[in-house]
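Peer 1: Listed below, chain by chain, are the residues.
Protein chains: 2
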Amino acid sequence: MSTTVSPLAPKRYPKMPEIPGVRIATAEAGIKYKGRTDLMVMVFDEGTEVAGVFTRSKCPSAPVDFCRQNLPGGKARVLVVNSGNANAFTGKKGREATALEAKAAAAAAGCKENEVFLASTGVIGEPLAADKFSHLLGDLVKRAEPGAWKEAAQAIMTTDTYPKYLTAKADLGGVEITINGIAKGAGMIAPDMATMLSFVATDAPIAAPVLQDMLSKGTAKTFNAVTVDSDTSTSDTLLLFATGKAAERGAPRITDPKDPRLGAFRRALNRILKQLALQVVRDGEGARKMIEVNVTGAKAARSAKRIALSIANSPLVKTAVAGEDANWGRVVMAVGKAGEPADRDLLTIWFGEHRVAHQGERDPDYSEEAVSAYMKRDDIVITVDLGLGRGKATVWTCDLTKEYVAINGDYRS
Amino acid sequence: MSTTVSPLAPKRYPKMPEIPGVRIATAEAGIKYKGRTDLMVMVFDEGTEVAGVFTRSKCPSAPVDFCRQNLPGGKARVLVVNSGNANAFTGKKGREATALEAKAAAAAAGCKENEVFLASTGVIGEPLAADKFSHLLGDLVKRAEPGAWKEAAQAIMTTDTYPKYLTAKADLGGVEITINGIAKGAGMIAPDMATMLSFVATDAPIAAPVLQDMLSKGTAKTFNAVTVDSDTSTSDTLLLFATGKAAERGAPRITDPKDPRLGAFRRALNRILKQLALQVVRDGEGARKMIEVNVTGAKAARSAKRIALSIANSPLVKTAVAGEDANWGRVVMAVGKAGEPADRDLLTIWFGEHRVAHQGERDPDYSEEAVSAYMKRDDIVITVDLGLGRGKATVWTCDLTKEYVAINGDYRS
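Taken in order, these protein sequences are the chains called H and V. Count along the first sequence from 1, add 25, and you get the number used in the numbering used here. Count along the second sequence from 1, add 25, and you get the number used in the numbering used here.
Since the hints were made in silico from the structure, they are not lab data. As the structure is a prediction and not an experimental result, all values here were calculated from the model. None of the hints are false.
Given that identical chains are not distinguished, each listed pair holds provided it fits within a single copy or across any two copies.
List time: in silico EDC-like cross-link candidates among lysine to aspartate or glutamate, alpha-carbon distance up to 16 Å:
id	residue 1	residue 2
1	Lys36	Asp404
2	Lys117	Asp388
3	Lys118	Asp388
4	Lys242	Asp281
5	Lys401	Asp350
6	Lys118	Asp90
7	Lys299	Glu317
8	Lys83	Asp368
9	Lys36	Asp403
10	Lys128	Glu138
11	Lys283	Asp238
12	Lys194	Glu43
13	Lys117	Glu386
14	Lys100	Glu71
Work the whole structure out from these sequences, hints included.
Peer 2: Following this line, the structure appears as structure tokens:
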């Protein structure tokens, strides 16, 4: 945990409305941190459906394995999240911990164990002593209340410097529904997913397969388009819960992903996913600047994304931005190393509106002074046009600062 | 340039012998740096053969293009290298600069332009004013002398904190031959090759195709197995020159890569390449520790190398080592993100001789105290056994420190 809030933190936070059918409670379980909450329980009314997207790590955490196993059921009644310990690479003990948590959570919520979802974030490789907090779950479920969204976002923080939470409204068949989301991130953020946990809930009555379709598609240009340090965590978990309570107010139940009434909801969901993902980047460990990388003119969208990620993950590009240096030579380097089709002599590069390079060399009209002034901003946009085709992609990252090294040089100890 | 020498610099430097047929001179051309040499000329006697390996960047520098064009001829008479400016992404001006240099160098050495080799290292994207130093080449060739190997290594440095030069002897058909090598590196070092320049010369009489075969094979486990920051430069150049002068002392001319008399030479060459590559890593920007990553038990050698590079390039692993933290959880993370076959529950991880994780969880016999003491060393060995097959690989990198960020945050300005 950092005591200094990122300079890129939101200036204002939204007031979070309630989501009918969702109740939340948090506790100080003392798993690792002292003097702060580190355990969060989200309780869902009967009939809540769920979808999820997880890390692509070949070494996922025990809770990720657990969630993957329950997801096909499509039903959720309780979510338990702890911070301070990731319960990852904990072998048999890890599975015993999730089993213990699941049993306690199911007993507390009065549901089946396959309606329980779990997530853990923090140190990898240390056994999670679930017996030290599972007895708290009964009380947490009892005192859960609908308004505690901000508190939920706070309880799941690790090296985050501010809580991340957002809300949106959308029309579903003439009825206003609500979507709330929380997230935690900071280090180890990279496609695909990262030590990134995000939980989104809505009162819209949408069937689990439809939720899954929207969530899987929605992550490509949001959570899977952000990177802090190219490292991928063992624990990434994004869950979307739909209580269906808006049906009581006349909202239609949606069972077909192609249902045209879904348009506004999908846009609102994607907006929430994107804004949560950007908040995660803006709180990248040690981040002082947000960087948006646009690649256009690639042979294909896939190629554009690879090049954009090569730029966004380049330590040399990221340190240059930290130093407020419009070092487009390093952008050229990052394009070159991506291994994707590129022709040096067709490249055009902009920092913001400033075209610094054109057709394989420095732009003759380029003003170092103007670009230097631009580089002092908090938000830097790097745009590269490859001049080859119509493929394009956008990814987001942050700069690489001494604080990143300081934070990660002594995180475990 | 840094004023502080890396703590990982060699404790002793070799005395460099002469290579018959090679003469060297350096000059202060004032290309970017003041008060130091930044121009180096290596002159070769007639009959010198050459082989080369270059960056795989899709946006190579003008000198790389130039060398690639001349390489098929297999003959070299003069090498011109400057530091301070990479002549990369300089478009038409870049090609004009190499043409001017080539013309001046050929005139100075009395050879054809296709016997000239060029390399430039430094800032990308700034036009190289070759007219400011090409008039110096005539004098440089005239005053070139056989002993200036250390001076050559010094003239090609950029952010290097110490010059890199090595020598070796080998037997070729009963005659002792010599191999000398110099290199520069520091940042932007990654497979395949990086802002890495290296020039190796020998008096052995070996035909260009045989040199090329040995050099291409030799780089895989040497220069292409080291990484500082995963960034690949536009300028990487490794050239191997053979003057053939040892023939005068009875060394046989080798024209077949399978010639059994080549064994000792090949081993000596590979040793030079490996030691130069390691010296480059030991001078990684801001490096305080050298890290060797061994991966064994992979499905295949290729898979092992990908996993080893995933570990070696992980900012979280590298910052943990900088913080002297045996954070093997991050090693698990890096294995997981590599996308190669891996089974969490079969993983074994060692720091040095200390087995910290076994069969998917923390080693019960693991002593935090002993490992912490180990982590204080300059040289850290991380070994991962995947338990799946017989594929193995070794790569080398350095830690990621605040100094790396400081060096790269204000390099261009």
